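Student: Chain by chain, the residues run as shown.
Number of protein chains: 4
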Amino acid sequence: MKPTIGFIGLGLMGRPMSLNLVKAGYSVTVWNRSASRAGEVVAEGAKLAKSPQEAAAASDFLISIVSDPPALEEILWGTQGAMPALKRGSIYMDSSTISPTLARKIAAACAERGARFLDAPVTGGDWGARKGELVFMIGGDADTLKAAEPVIGVMGKKWFHLGPNGAGQTIKLAMNMILALQVDALAEALALVTRAGLQGEKLVEVLQSSMGRSGLLDVKAPNLLKGEYAPSFSLRLMHKDLGLALDLANQLGVALPATAAARETYSAVKGASKEDLDYSAVMKFWKP
Amino acid sequence: MKPTIGFIGLGLMGRPMSLNLVKAGYSVTVWNRSASRAGEVVAEGAKLAKSPQEAAAASDFLISIVSDPPALEEILWGTQGAMPALKRGSIYMDSSTISPTLARKIAAACAERGARFLDAPVTGGDWGARKGELVFMIGGDADTLKAAEPVIGVMGKKWFHLGPNGAGQTIKLAMNMILALQVDALAEALALVTRAGLQGEKLVEVLQSSMGRSGLLDVKAPNLLKGEYAPSFSLRLMHKDLGLALDLANQLGVALPATAAARETYSAVKGASKEDLDYSAVMKFWKP
Amino acid sequence: MKPTIGFIGLGLMGRPMSLNLVKAGYSVTVWNRSASRAGEVVAEGAKLAKSPQEAAAASDFLISIVSDPPALEEILWGTQGAMPALKRGSIYMDSSTISPTLARKIAAACAERGARFLDAPVTGGDWGARKGELVFMIGGDADTLKAAEPVIGVMGKKWFHLGPNGAGQTIKLAMNMILALQVDALAEALALVTRAGLQGEKLVEVLQSSMGRSGLLDVKAPNLLKGEYAPSFSLRLMHKDLGLALDLANQLGVALPATAAARETYSAVKGASKEDLDYSAVMKFWKP
Amino acid sequence: MKPTIGFIGLGLMGRPMSLNLVKAGYSVTVWNRSASRAGEVVAEGAKLAKSPQEAAAASDFLISIVSDPPALEEILWGTQGAMPALKRGSIYMDSSTISPTLARKIAAACAERGARFLDAPVTGGDWGARKGELVFMIGGDADTLKAAEPVIGVMGKKWFHLGPNGAGQTIKLAMNMILALQVDALAEALALVTRAGLQGEKLVEVLQSSMGRSGLLDVKAPNLLKGEYAPSFSLRLMHKDLGLALDLANQLGVALPATAAARETYSAVKGASKEDLDYSAVMKFWKP
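Protein chains in written order, with the working numbering: chain F, 1 to 288; chain Y, 1 to 288; chain S, 1 to 288; chain W, 1 to 288.
Just chain F, with the same shape it has in the complex (with noise of 0.2 Å):
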């Protein structure tokens, strides 16, 4: 039998993953902090609760996915906060970016009410959440993974089982590193040659005939190229989780010098923009 599902998040995320799991036959109580943006998914099916606490209780498997760290502090352990209304026995998924060190803090909360908890950040975008085609890096344990498979399969198409929790927040915070200082680079390299008189698209060519070629970097280029910058990725979003990754790194001790680096070229460029831009915009620091 399906089990009830909470949702709490409705982001630009949440939004087309919890609309996923009503069109799969889902029985979905989800929460949002402002009710307004729960029509649709209400519309299609998911009833509304009044909440975290009761969209926890009203659930067998409980799915998050908010902005940052202190949002998901404050679902969890505020007022009418999820945890303590976590049912025994329940599976609970959160798909933010965090840090490992809050995944693990949340994983025994969980234990020690009985519950189960995969930390499960996931990758492919607003796109990919529509199509439920999301890839979902996961830490928790082996079973646990296996029973939220069918739920996890509805949202998207791939999940690598990756450690016992915090493995899931770790390895996407090593993955973001690598996105953002594959941007910079190209920013960099974007910035020498023009500045020798130069042009970008010339690079930008050569680039796509070479081995350092990503699709990431064909997206981007683009961007870096006219100075549009509409967000796909938010720089704040990619330079919190910068600063997530350097954390971590400075806790266990190991130095990330060009990522140290890279991480203060976006944070000058977030420190000059009114409006929030997609990380691309790092090549402001050259051309504001």
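Simulated from the structure, these hints should not be mistaken for laboratory data. Keep in mind that the hints are not guaranteed to be accurate.
Note: identical chains are not told apart, hence a pair may lie in one copy or across any two.
[Unchecked claim] No farther apart than 27 Å at their CA atoms in a straight line, the calculated lysine-lysine pairs in the DSSO-like style are these: (1) 274 - 287; (2) 105 - 240; (3) 47 - 131; (4) 274 - 146; (5) 284 - 274; (6) 158 - 202; (7) 105 - 202; (8) 240 - 287; (9) 202 - 240.
Since the structure is predicted, the reported quantities are computational estimates derived from the model, not experimental observations.
Could you slot chains Y, S and W onto chain F? The hints should help.
Tutor: Only chains Y, S and W this time, still in chain F's reference frame:
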């Protein structure tokens, strides 16, 4: 009628390049600092010059490819150097990786003698050199390139006209910055996840299903995971190219924070290694 | 009439600070996580509280100095925490090094209870604490500081009113950045000259007759030359403070490239060291 | 008997240095690229040479001080250069800031001609040059230095024998790294506190009562606070010296992460400034 060709520098790249020219029916006169390396290409029909000067004097089209700027300056302006022997109306094409400043200095010296210059660094490795499938990044004027195309086409499958003299070198340095940072980013990410107790293989597996995947990372990831760094493109040369890129940026007044940070990491590994390794050995900064 | 004083945190700094207050005739109630450290100050006449709450309830003027933000949050808001027990009209002064954000959160919580808050981190080391010659960097309003001055004057010789709450911490973090970079710069310079085959002592000798000479470098240079790093100000704490400074900068969107680079170096040494050493042990990045 | 002196380079430093030698009774022959700068010293009794060669040929003790390595190479090995005219048994002392590699190349060329070389960069500024109170950092052999001391003593108050040829330059570069990082650290700290809404003057006030205080920071802090950067030691020259230090480090394989990060910051300011400013203008990275 086919031009007579002079070819200076019979290293890992120069040997197969010159061999392809001989096989294509060109009359080729070669020179190398240690003549012993000329054996194979001479056996196939090339003449062996006694000096760079002699190689230049014998040719309508002079090509050079050596390991660094000082080596090139010696060949051009040292005792029995090539420059004073360049024929009026001839073409000289250098495929070493040098600074754009030196490329422009050579171009000016050629112009004084009535010769035409192309800076034309290559990518594709010794494998591409053997197959005649190199990619050339070319600075110089369009007519000179047009005249050179039949010769270039024997050694390469693709060439980009990137701007006036110096442009080939500028784009080459920018490309190598991107490659060096991609590998360094992977190394930082692997250092983080392995220190966190996870398997590096897991990160690479996720990377390969992400938009950050590149041909370069597919090729280099196994090196980093196994700690085996047999040279394909050597760390010593990549370190030199990062230095040339940073020199150029500093001359132009462009800050390149992540490139500068990565260069120091490559530098530390260079300082700690006795043998010359592939540049993916930057991983040794974290796993000596 | 003298205010009754509560004093929380009897570490390297807190013990001599509270002792000076007792000796100056104040009625002092102390608390420390491990009560054993209270021996000396109790022998001199201080009372020992059973909890932070009890210490707060017994005092007109509460002082705390602990090692990091989580320790302080536990003392204020944990079980039997001090915050809910603060007396209306009392002054609370914290001399830990924490984030300006936490300082402002504490100030707001104090205001709600009708108490007044000063963030007042110190410099001068345990030596300065014993002599009553600390320097206080103070954020808060001028009247509160005026009221606190007699108490501060027992522990310190100098205090600076730097702005509203949070200002004391902001300036403290900025100061520690400067100190950390001065020592790291000396370490980089020594690494360079010794690798070049020269004696580090020669560099220090020249430095001491230059405008770059500082009291700090006079004190730390012998550590770096001898490779002896008995803790005066610990690397673990300096590393934490660099993290707080960078967190603040990233929150404000200010790029700090050299600070970020130095932090990674401290981080690598922290990761490689079992014991806690003086922060001058950053030299071990080059000479493990 | 006093040696006859040749003096090449009559810039901000060279003019007062040569003038002091004339006033001390030495017979001095000067040369400068633009002869107009020789007016004052010739008026005091110096002879004016027509070329570096003539200055060298006329002297037992040749001194040079020019702005960068290419300028020095031109003077030594260019048309009518000094090197081929050096007298057997003479002493040649260069006080420019150049690379240790070039210093050793000059030493070798001197030895071939039977002359002796000292690399002897200075510190103390034009003020120190006028007062005859420069500090000399000297590489070369002890006997040569002993023979040179009477001449050095006219221009300087202190000299350090630091090792064989190249040692003077190595220590000078290491010193300038320390100075550049001290000023950059102050700039980063000021950027942070002012962005946080505090007055930079407050930070400087606290700094001046701390162990981080240095003569350098006392002198430069007012520049940073006022945004006035009239050149004392120019940013262009400091940027060049950071480049020489990093070149040396990279050649030796020593990572200098904070120096490299700071160099990029200086580079950005150099790229954005039309005029040449004092190196304390690194503050313009944050406050253009």
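Student: Evaluate each hint against the coordinates.
Tutor: Verification of the hints:
no.	hint	verdict
1	274 - 287	both (16 Å within a copy, 18 Å between copies)
2	105 - 240	both (20 Å within a copy, 21 Å between copies)
3	47 - 131	within (22 Å within a copy, 64 Å between copies)
4	274 - 146	neither (44 Å within a copy, 40 Å between copies)
5	284 - 274	both (13 Å within a copy, 21 Å between copies)
6	158 - 202	between (36 Å within a copy, 14 Å between copies)
7	105 - 202	between (49 Å within a copy, 23 Å between copies)
8	240 - 287	both (22 Å within a copy, 25 Å between copies)
9	202 - 240	between (32 Å within a copy, 23 Å between copies)
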